[in-house]
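Visitor: On the provided structure of chain A, position chain B as indicated by the hints.
So the protein lines, in turn, are chains A and B. The opening position of the first sequence corresponds to residue 290 in the numbering used here, with each subsequent residue numbered one higher. The opening position of the second sequence corresponds to residue 166 in the numbering used here, with each subsequent residue numbered one higher.
Possibly wrong hints are sitting among the right ones.
[Said to hold, decoys possible] Some but not every residue of chain B turned toward chain A, in silico, with C-beta under 8 Å: (1) 195; (2) 196; (3) 222.
The hints are simulated quantities; they were obtained by calculation from the structure and are not laboratory data. Note that the Cβ used here is the ideal one computed from N, Cα and C, for glycine as well.
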Amino acid sequence: MVMLALIRLGDDAYGVPISREIEASSGREVSVGSVYATLERLEEKDFVSSRLGDPTPERGGRAKRYFQVTPKGLREVRKTRQALVSLWKDLPELVERRP
Amino acid sequence: MKTSRPPAFATWLLEWLALGDKNEALAGDLIEEFERRRSVAWYWRQVVAGILAGLAGELRAEWEEAGHVVAWTFGFAVAWNCAMSSYEGYVDSVSVREAMSGAAISPRFVIGARYPLGSAVVMLAMGIVLYLAILRSLDLWRFARGLSVGVMILGLEELGFRTVLPMRGLNLWRVIAFLWTWFSWLPLFVAVLLSMWTARPSWTRSSHRRPRIVG
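If we strip away everything but chain A, and leave its shape as in the complex, we get (with noise of 0.2 Å):
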C-alpha cells in the first residue's frame, strides 16, 4: 500500500500525503510513525530512496522528507502486481456461505 500510494503520489510524497493517501484507501485512521517505519525498511531493500527538503514556518521549522519509488522498488510492484492478479484468476466465485 505505502509503494503504491508513493507512486500516486510522485513529487510530493511525504509523511502527511503519504498516511492520507493509505486512509483514504483504506477507511482507517494511520499511524505516521508506522508509515516511516515500513518506509525505513523498505529503505533497506533498496525499493524507496529519501531527500531532505527545506525547513517550513508551518512545521515548526522542521523540514519535510520526500520519498520516491526506485527502480528495484518498481521492478518489485510491477512483479507484485502480476502475481496478485494470477492468484485472483484462479480463484472460485466468491459468495458468502449462509450457516
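Guide: For chain B alone, kept in the frame of chain A given last:
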C-alpha cells in the same frame, strides 16, 4: 478538543525518544497535520505510536544487539527478583521480631509490595545504570533517555491493563496472572528491556554505522 497548537510536551517527547534519523521529519508532519484538522488526542496517539514504531523498527533491524540486551535484561530481572525476595524475607523476620517486641510500624510500610510503580522505576534506574556501567558508557543523557522510555512503557501498561481493558470487559491482566504467575513479570520485563535498548550507546546502533538519507 481542538486547540491551535499541538501539545509542546508531546512534541518534545517525540523528538527526544523517537529513534533513527526520521524524528525531525515525523515531528514536522504531525505538527502540519495537527494544524489542519486534528485533535490533541489524535496528536498524542500519533506520538506514542511513532515512538513505539521507532523502537520496534530498531529492534528488528539490529536483532543481534537486541539478543544481547534481552539476555542482559533477563539476567538482571532474575538477579533483582532474587535480591528482592531475600530482602523481603529479611524485612519479614524483622517485622515479626518487632511485632513480638510491641513495635507499632512494620518496615513493610517503607518498601511496599513488590510491584508498585515506585519500586518498578527504582528497578529500571538500577538496571540502566548497571548496563551502561558495564559498557563503560555511563552518562546522564543516556540514563535519562532510557528511564523516560521505561516510565512511559510502564505508564501505558498500567493504563492499558488496569484501566482501559477492564473497562471494555476484558481483564487481560487477571487472565495472564491466572495462566502463569510469572507472566506478571512480563510488563516490567518489557519496560526494562526497552529502556536499556534506548539507553544503549551510539556505537552499537546501526543508524550510527550506516547513514541512509540521500541529498
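Visitor: Interface hint check: residue 195 (chain B), Cβ to nearest Cβ on chain A, cutoff 8 Å. Holds or violated?
Guide: holds, 6 Å
Visitor: When the nearest CB of chain A is found for residue 222 (chain B), is that gap smaller than 8 Å?
Guide: holds, 4 Å
Visitor: Grab the minimum C-beta distance from residue 196 (chain B) to chain A and call the hint holds if it beats 8 Å, violated otherwise.
Guide: holds, 5 Å
In summary, this structure violates none of the numbered hints.
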